[in-house]
Amino acid sequence: MVEFPSLSPYWPLVRFLVPLAITNIAIDLGEQALNRGIATVKEDAIEMLASYGLAYSLMKFFTGPMSDFKNVGLVFVNSRRDRRKAVLCMATAGVIAFVLHILIAYTDLGYYIINKLHHVDDSVGGKTRKAFLYLAAFPLLDAMAWIHAGILLKHKYSVIVGSASISDVVAQIVFVAILLHSNLECVEPLLIPILSLYMGALVRFTIVGLGYYCNIHDNIPDSSGLDVGGDATIKKMLSFWWPLALILATQRISRPIVNLFVSRDLKGTADATEAVAVLTATYPVGHMPYGWLTELRAVYPAFDKNNPSNKLNAGSPVTKSHIKKFTSCCVALSLTLCFAVFWTPNFSEKILVDVIGVNYAFADLCVVPLRIFSFFPVPVTARAHLTGWLMTLKKTFVLAPSSVLRIIVLITSLVVLPYMGVHGATLGVGSLLAGFIGESTMVAIAACYVYRQQKNNEMSNELVVEGEDAAPMSEVCSRTQMDAIEELAEEEEEEEEEEGRQ
Numbered sequence: 443m444v445e446f447p448s449l450s451p452y453w454p455l456v457r458f459l460v461p462l463a464i465t466n467i468a469i470d471l472g473e474q475a476l477n478r479g480i481a482t483v484k485e486d487a488i489e490m491l492a493s494y495g496l497a498y499s500l501m502k503f504f505t506g507p508m509s510d511f512k513n514v515g516l517v518f519v520n521s522r523r524d525r526r527k528a529v530l531c532m533a534t535a536g537v538i539a540f541v542l543h544i545l546i547a548y549t550d551l552g553y554y555i556i557n558k559l560h561h562v563d564d565s566v567g568g569k570t571r572k573a574f575l576y577l578a579a580f581p582l583l584d585a586m587a588w589i590h591a592g593i594l595l596k597h598k599y600s601v602i603v604g605s606a607s608i609s610d611v612v613a614q615i616v617f618v619a620i621l622l623h624s625n626l627e628c629v630e631p632l633l634i635p636i637l638s639l640y641m642g643a644l645v646r647f648t649i650v651g652l653g654y655y656c657n658i659h660d661n662i663p664d665s666s667g668l669d670v671g672g673d674a675t676i677k678k679m680l681s682f683w684w685p686l687a688l689i690l691a692t693q694r695i696s697r698p699i700v701n702l703f704v705s706r707d708l709k710g711t712a713d714a715t716e717a718v719a720v721l722t723a724t725y726p727v728g729h730m731p732y733g734w735l736t737e738l739r740a741v742y743p744a745f746d747k748n749n750p751s752n753k754l755n756a757g758s759p760v761t762k763s764h765i766k767k768f769t770s771c772c773v774a775l776s777l778t779l780c781f782a783v784f785w786t787p788n789f790s791e792k793i794l795v796d797v798i799g800v801n802y803a804f805a806d807l808c809v810v811p812l813r814i815f816s817f818f819p820v821p822v823t824a825r826a827h828l829t830g831w832l833m834t835l836k837k838t839f840v841l842a843p844s845s846v847l848r849i850i851v852l853i854t855s856l857v858v859l860p861y862m863g864v865h866g867a868t869l870g871v872g873s874l875l876a877g878f879i880g881e882s883t884m885v886a887i888a889a890c891y892v893y894r895q896q897k898n899n900e901m902s903n904e905l906v907v908e909g910e911d912a913a914p915m916s917e918v919c920s921r922t923q924m925d926a927i928e929e930l931a932e933e934e935e936e937e938e939e940e941e942g943r944q
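Numbering of the sequence shown is given in my numbering, commencing with residue 443 and proceeding in unit increments.
Derived lysine to aspartate or glutamate pairs resembling EDC-like cross-links, with alpha carbons at most 20 Å apart:
| id | residue 1 | residue 2 |
| --- | --- | --- |
| 1 | 572 | 630 |
| 2 | 558 | 716 |
| 3 | 792 | 806 |
| 4 | 837 | 900 |
| 5 | 709 | 563 |
| 6 | 558 | 713 |
| 7 | 678 | 664 |
| 8 | 792 | 470 |
| 9 | 709 | 564 |
| 10 | 762 | 900 |
| 11 | 572 | 550 |
Bear in mind the hints are in silico, worked out from the structure with no lab data behind them.
Quick caveat: nothing in here was measured; it's all calculated off a predicted structure.
Sequences are here, hints too, so could you generate the full structure?
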């Protein structure tokens, strides 16, 4: 009779990751709903989609680093005082992002970044800057939601986080449907996806905020005790956050860089506008089967038994071996989904036509870029797994070089591939894959460096322990020698006293 190993240690991992995976997929579904709000506009649909895509990708560059502050909530926030410090950091960052949005929308800086660098015409550039202005307050709202999501994840309330993201998407879809029947389609079509985006984020923030206050706020101390390392300082939070923020910023700036090079490669022609529109449509569809793998980096910090601030793990059956096997199953599932969806004839085209609402000719241009997305799960999983381990050790600083290498490889690919006959959206997605592989390789090197350091420290500690164990024997030997000397001295004194008496 064949005996199967117990699956019970994997259920906590499944229950934790599934809501986060749904969260990630929901974000992609929301993007597709927003794209549909643009694509259904009868006039200038491709121009509108390109303008919104440029503005949205630039805005994501600002919100990306803030979304990684959820990891600060996951690792550092153990008290209400820690939460206040985290909220202060995010409020400051949100205000800075708001000011930068205004500057880009109204000054020559925006004209240079959008019109000149991207080689788009004045019509697309003007619409992009207007959309960017409308999105100015979004980073602040998004940041407030993410910090509370991190705190909820720390206390294993991933279901609330997942529910908030699903509600976000539902709100976006509902408002897109409502606004498409309003006069906004004629007055200002760009406001259809943007207002829907705001309403979705407001719903998400409300749910995670209420989830925090109902389940956590009254159950955590006002300040952290020494058993969890004391109160976290803003300096510690920022030191932990900035390498993760840098990595995510480079990930988010990758899309604007790709849009920039693809547009310039095609000399700002109608083909360039079409290529940017194809990228805007394919990003969320291609990201959906593998994007949820990024959430694997939250698994290590949430289930680490050596983390003093993670009190709920004491009775957890989950070990490092279970996490590794679980990660392997996740990447296998993602690869299966990618090849099933993107390599089945006419399947991906049907998704684009039915979900986003583009025509078949446009959908056909998206096939090759979507097939390239099939190879993303492997580098993404390696990066997420190793990043989670380094987050547990609070050694995120070693991850900083990976973001630099990603940009170098990305730009190199964008420059070299056109000479090999690769252009348009295929150039963009292929270069993104090269950047992912470069980044994951550097993360693996950093993890090997930290692992080697750990082993060397363990060997040093063993030598110290052996030395301490040997110390009592030497002390016994020294005491024995001292006793012998004292006895000889006493005997000599007694002999001298006897001689004196005689």
